[in-house]
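Given chain H, work out where chain W should sit, using these hints.
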Amino acid sequence: MKVRKEKLIKSLLSLGEEIYGQIDSQVFPSVELPSRSTSNIKYDEKLRQYVLGEKCIKRTSRNVRHIRPFTQLVWMGYMANQLINQGKTSTLRDMYYMAQAYDVNFKDQAESDDIITDLESLIEFSREDFHLFPEERSAIYGNLNIEYTVPKYEGKRLNLTVHPDGVMIGPALTSAEFVSTDAEIVICVEKGAMFTRFLEEDVHKKFKALLIHTAGQAPRGTRHMIHRLHEEMNLPVYVFCDADPWGMHIAQVIISGSANAAHLKDLTSPDAKWCGVWASDITRYKLPSEKITELDLKRLRELERDPRYREELWQREIKVFNDIKRKAEQEAFSRYGLTKIVDEYLPHRLDEMKSY
Amino acid sequence: MSRESFYEISPADFFYRNKDLAGFSNPARAIYSAVRELVENSFDASEVYKYQPDIFVRINDADGESLEDLEGATVTTIKVADNGCGIPARHIPSAFGQVFYGSKYRLRQSRGTFGLGGTMAILYGQITTSSPVKVVSATSGKVAHEYEIMIDIRRNRPVILKHKTYRNESLWHGTIIEVKMEGDYKRATAKILEYFKQTAMVAPYANITFVDTRGRLYRFNQVTKEMPKPPTETKLHPYGSDVETIKRLMAMTPCKSMHSFMMEHFHKVGPIIAGNFLRAAGIPQKRKPRKLNNVEIVKLVKAMKRFPNFRPPSAECLSPLGENLLRAGIQKELKPEFISVKVRNPSVYSGFPFIAEVGLAYGGEVPKSGDIVLYRFANRIPLLYDEASDVSWKVVHSLMNWRNYHVDLHSTPLAVMVHVCSTKIPYRSVGKEFIAEIPEIEREILNGVRDAARELSGFLARRRSVEVEKKRLDVFGKFLPKIAEFSKKLAGREVTPDVKPLLRSVMKHGSEEKEGYEGTEGEAHKEPPESG
Numbered sequence: 001m002k003v004r005k006e007k008l009i010k011s012l013l014s015l016g017e018e019i020y021g022q023i024d025s026q027v028f029p030s031v032e033l034p035s036r037s038t039s040n041i042k043y044d045e046k047l048r049q050y051v052l053g054e055k056c057i058k059r060t061s062r063n064v065r066h067i068r069p070f071t072q073l074v075w076m077g078y079m080a081n082q083l084i085n086q087g088k089t090s091t092l093r094d095m096y097y098m099a100q101a102y103d104v105n106f107k108d109q110a111e112s113d114d115i116i117t118d119l120e121s122l123i124e125f126s127r128e129d130f131h132l133f134p135e136e137r138s139a140i141y142g143n144l145n146i147e148y149t150v151p152k153y154e155g156k157r158l159n160l161t162v163h164p165d166g167v168m169i170g171p172a173l174t175s176a177e178f179v180s181t182d183a184e185i186v187i188c189v190e191k192g193a194m195f196t197r198f199l200e201e202d203v204h205k206k207f208k209a210l211l212i213h214t215a216g217q218a219p220r221g222t223r224h225m226i227h228r229l230h231e232e233m234n235l236p237v238y239v240f241c242d243a244d245p246w247g248m249h250i251a252q253v254i255i256s257g258s259a260n261a262a263h264l265k266d267l268t269s270p271d272a273k274w275c276g277v278w279a280s281d282i283t284r285y286k287l288p289s290e291k292i293t294e295l296d297l298k299r300l301r302e303l304e305r306d307p308r309y310r311e312e313l314w315q316r317e318i319k320v321f322n323d324i325k326r327k328a329e330q331e332a333f334s335r336y337g338l339t340k341i342v343d344e345y346l347p348h349r350l351d352e353m354k355s356y
Numbered sequence: 001m002s003r004e005s006f007y008e009i010s011p012a013d014f015f016y017r018n019k020d021l022a023g024f025s026n027p028a029r030a031i032y033s034a035v036r037e038l039v040e041n042s043f044d045a046s047e048v049y050k051y052q053p054d055i056f057v058r059i060n061d062a063d064g065e066s067l068e069d070l071e072g073a074t075v076t077t078i079k080v081a082d083n084g085c086g087i088p089a090r091h092i093p094s095a096f097g098q099v100f101y102g103s104k105y106r107l108r109q110s111r112g113t114f115g116l117g118g119t120m121a122i123l124y125g126q127i128t129t130s131s132p133v134k135v136v137s138a139t140s141g142k143v144a145h146e147y148e149i150m151i152d153i154r155r156n157r158p159v160i161l162k163h164k165t166y167r168n169e170s171l172w173h174g175t176i177i178e179v180k181m182e183g184d185y186k187r188a189t190a191k192i193l194e195y196f197k198q199t200a201m202v203a204p205y206a207n208i209t210f211v212d213t214r215g216r217l218y219r220f221n222q223v224t225k226e227m228p229k230p231p232t233e234t235k236l237h238p239y240g241s242d243v244e245t246i247k248r249l250m251a252m253t254p255c256k257s258m259h260s261f262m263m264e265h266f267h268k269v270g271p272i273i274a275g276n277f278l279r280a281a282g283i284p285q286k287r288k289p290r291k292l293n294n295v296e297i298v299k300l301v302k303a304m305k306r307f308p309n310f311r312p313p314s315a316e317c318l319s320p321l322g323e324n325l326l327r328a329g330i331q332k333e334l335k336p337e338f339i340s341v342k343v344r345n346p347s348v349y350s351g352f353p354f355i356a357e358v359g360l361a362y363g364g365e366v367p368k369s370g371d372i373v374l375y376r377f378a379n380r381i382p383l384l385y386d387e388a389s390d391v392s393w394k395v396v397h398s399l400m401n402w403r404n405y406h407v408d409l410h411s412t413p414l415a416v417m418v419h420v421c422s423t424k425i426p427y428r429s430v431g432k433e434f435i436a437e438i439p440e441i442e443r444e445i446l447n448g449v450r451d452a453a454r455e456l457s458g459f460l461a462r463r464r465s466v467e468v469e470k471k472r473l474d475v476f477g478k479f480l481p482k483i484a485e486f487s488k489k490l491a492g493r494e495v496t497p498d499v500k501p502l503l504r505s506v507m508k509h510g511s512e513e514k515e516g517y518e519g520t521e522g523e524a525h526k527e528p529p530e531s532g
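If you read the sequences in order, they're chains H and W. The first sequence runs contiguously to residue 356 in our numbering. The second sequence runs contiguously to residue 532 in our numbering.
To be clear, the hints were calculated from the coordinates, so they are not data collected in a lab. Among the hints, erroneous ones may be present.
[Claimed, not checked] Straight-line alpha carbon distances no greater than 30 Å define the calculated DSS-like cross-link-like pairs of lysine-lysine that follow:
no.: 1; chain 1: W; residue 1: Lys197; chain 2: W; residue 2: Lys235
no.: 2; chain 1: H; residue 1: Lys10; chain 2: W; residue 2: Lys19
no.: 3; chain 1: W; residue 1: Lys489; chain 2: H; residue 2: Lys152
no.: 4; chain 1: W; residue 1: Lys164; chain 2: W; residue 2: Lys50
no.: 5; chain 1: H; residue 1: Lys319; chain 2: H; residue 2: Lys46
no.: 6; chain 1: H; residue 1: Lys58; chain 2: W; residue 2: Lys500
no.: 7; chain 1: W; residue 1: Lys302; chain 2: W; residue 2: Lys332
no.: 8; chain 1: H; residue 1: Lys5; chain 2: W; residue 2: Lys488
no.: 9; chain 1: W; residue 1: Lys488; chain 2: H; residue 2: Lys2
no.: 10; chain 1: W; residue 1: Lys225; chain 2: W; residue 2: Lys268
no.: 11; chain 1: W; residue 1: Lys50; chain 2: H; residue 2: Lys58
no.: 12; chain 1: H; residue 1: Lys10; chain 2: W; residue 2: Lys288
no.: 13; chain 1: H; residue 1: Lys286; chain 2: H; residue 2: Lys265
no.: 14; chain 1: H; residue 1: Lys107; chain 2: W; residue 2: Lys500
Only a predicted model underlies this, so the values are computations on that prediction, with no experimental measurement involved.
Chain H on its own, in the form it takes in the complex (with noise of 0.2 Å):
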């Protein structure tokens, strides 16, 4: 951790000079960024993510549309120095407001998180290492040790069944040493009920199981937390969501990664599995289901053709959802009673997931 920090603070320094050497010998200054455009990124059968291409972008102060966001990202970069320096934390939306105080107004949030993935891109460093996180909302329960690496809780453990309602995945966490568990597998849920229900189940201790509440679709943070789980302490990954291309999609961006993150590593689980619900659970269950709409469908075809979904699994469920038109929500099994899901279907289904 302290030499990737070293490295950080070394690469911002040099931003620093390089612009300031650019103006002192009356050049306009710029720098060259990797290109985020679509035609830039390109799947890497190797790493079994997205990464981005070799096509560059040279974004300069010497044009008037380039100047503004040229001079904000000059300021994310000092704000990162800052972040790091002085050991503190900060959010995407606090860097949306804290530029108003310099007068480098952001449009919008969006164009404040663009800026700071720029940023990522441009210093190849995520924004956890210089300690941004977006608003958290993610969380982790089970028996997990870890040892705090921030300032101020150095070296305190910290079991992870502490609290009943898990403990929340924020940038302590992120960081912290992962000691020791008995945990045998992973098991990433999309929606906070079904979290509480298998907390409430005990899941983590029928199936040796840490349990992850990604909230919808899992920030970044969660993602590397998945990633070093699976790398670090050797566990099995399985993700459950809905049945609908969203829940898919859900899934998907923990395995391989989002477009968006394409210059980032370490945030992918290429090892972890899809379990569910599938299309095909819904005649199989005989789940409630609602029929599928137009944006639903137009989402499928996208997928269809996306190379992370190439897989058999994948594909055959797509084909599956086009067929049916219907899709359900992990919620659907309460009709069979509140705990059929952790009875029959998921002992069920991790057997099944040995053969894929």
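Coordinates of chain W only, in the frame set by chain H:
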């Protein structure tokens, strides 16, 4: 047998029975019309002799009792004083006490047409208050005359109630007239003020003072000494003649032959044209004019309308404002950012010469109404009623495609001013409120507005490019110092790098782009703010 009786009615009687025709339909409208008619007479009296008009108007209803049958109407006194040429004493009673009497019943560009309006005001005053009109006038002689006059409506004759003379040592010239009438100033206020404002717009060489019923003073100052050349009198053009006019001319002509009659009484008719015309009309050249019978007169008039070889009337008798006065007037009343004025070449409709003048004003104090503000003038009279029936309205609102000139009417404060001057303005009513859609006039106004709009379009385009450039420089001026500051902090340096050379190079680039534009460099080259 029917016992229906027949009466002859006098012109005064006729107008008494048809007040609305002349713009006296209700107390508010009446007071506006009266002010207007009297002020116009004052202007005409000043301009004919190139006296710079100094006109004082006071409306007073302080001691007027309110009238029970009409809410809001009170007895109102209107006083108008000018420094015009004055009226010779012997003409005063008739000028103010007889309908259709005056110096204007001739072919000359003047504000009034029939000498009717002023007398109508007096007539109306007399009907509603039974008070005489008071007139004081002097023609720079040693004597000034004061009259109190009433009109004998049925006989169309003045009745003199009082006549006094004063010594006029200072050789003052001008006319003061005071009329009492039933009026509703409160309701007419907006129109009357608008009338003065617009009058000042076409008469920037005049001083106008107006004191209203509450003692509020409105002053419209002279901004130029330049005056338009006075209009001259002209003969009738054959194309503009009619049976009645010809009959009247024949009754008074000293000419012994039709040939000399044509040359004597018609505009631009010489011996050759007169000869050719009479041959074409089939009327002997030596024929005595007085001997023509009705059938021949009708034949003559018809031939006049058809004969192709009359020369077009000359516009020398017209008195347009000219570009300078148009510009000065618009500048004075609207203080716009941009003015374009166009004086069209003289043109002719039905034998009457006319000139259309157009002004376009953008920004400044032009009212932001979300639509074009149209100011209409005919022989320097502002036209305030029935705007949508006027030929200019049609030009501005349906013939012009403003988008072709990159003018967005919703966001652009724009005023269009149209002045038509002619020996005969084709009004559609005696109230003189709007000009008829005569194709020739419409075409001239349209071309004028188009010309001016082209200039406006150029101005707007230039201004946009200046704005864009200024914005561009502002952006560099704002962000370059920030980049310097942040990079200094990021690099952990002590000294902020100097961005001035970079800013200078942006500006040089900017001025190259704008080469040929005037007066913008100063704006664009403001020193950028230092970084804090």
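Results of checking the hints against the structure:
Between lysine 197/W and lysine 235/W, the direct Cα distance comes to roughly 34 Å. Violation of the 30 Å bound is thereby established for this hinted pair. Taken as a hint, the lysine 10/H and lysine 19/W pair is broken in the structure, with Cα atoms around 95 Å apart against an allowance of 30 Å. A C-alpha spacing of about 27 Å is found between lysine 489/W and lysine 152/H, which places the hinted pair at or below 30 Å, so the restraint holds. Distance hint between lysine 164/W and lysine 50/W is fulfilled; the C-alpha atoms sit about 29 Å from each other, no more than 30 Å.
For the given pair, lysine 319/H sits about 27 Å from lysine 46/H by alpha-carbon distance, which is consistent with the 30 Å threshold. Distance hint between lysine 58/H and lysine 500/W is fulfilled; the C-alpha atoms sit about 23 Å from each other, no more than 30 Å. The straight-line distance between the Cα atoms of lysine 302/W and lysine 332/W is roughly 48 Å, outside the 30 Å bound, and the hint therefore fails. Distance hint between lysine 5/H and lysine 488/W is fulfilled; the C-alpha atoms sit about 21 Å from each other, no more than 30 Å.
About 25 Å separates the Cα atoms of lysine 488/W and lysine 2/H, which keeps this hinted pair within 30 Å; it holds. Taking the CA atoms of lysine 225/W and lysine 268/W, the gap is about 34 Å. The hint is violated against a cut of 30 Å. Among the hinted pairs, lysine 50/W with lysine 58/H is inconsistent with the structure: their alpha-carbon atoms are about 72 Å apart, more than 30 Å. At roughly 116 Å between alpha-carbon atoms, lysine 10/H and lysine 288/W are farther apart than 30 Å, so this suggested pair is violated.
Between lysine 286/H and lysine 265/H, the direct Cα distance comes to roughly 40 Å. Violation of the 30 Å bound is thereby established for this hinted pair. Distance check on the hinted pair: lysine 107/H and lysine 500/W sit about 28 Å apart at the alpha-carbon level, within 30 Å; holds.
Of the hints listed earlier, those the structure fails to meet are numbers 1, 2, 7, 10, 11, 12 and 13, in rising order.
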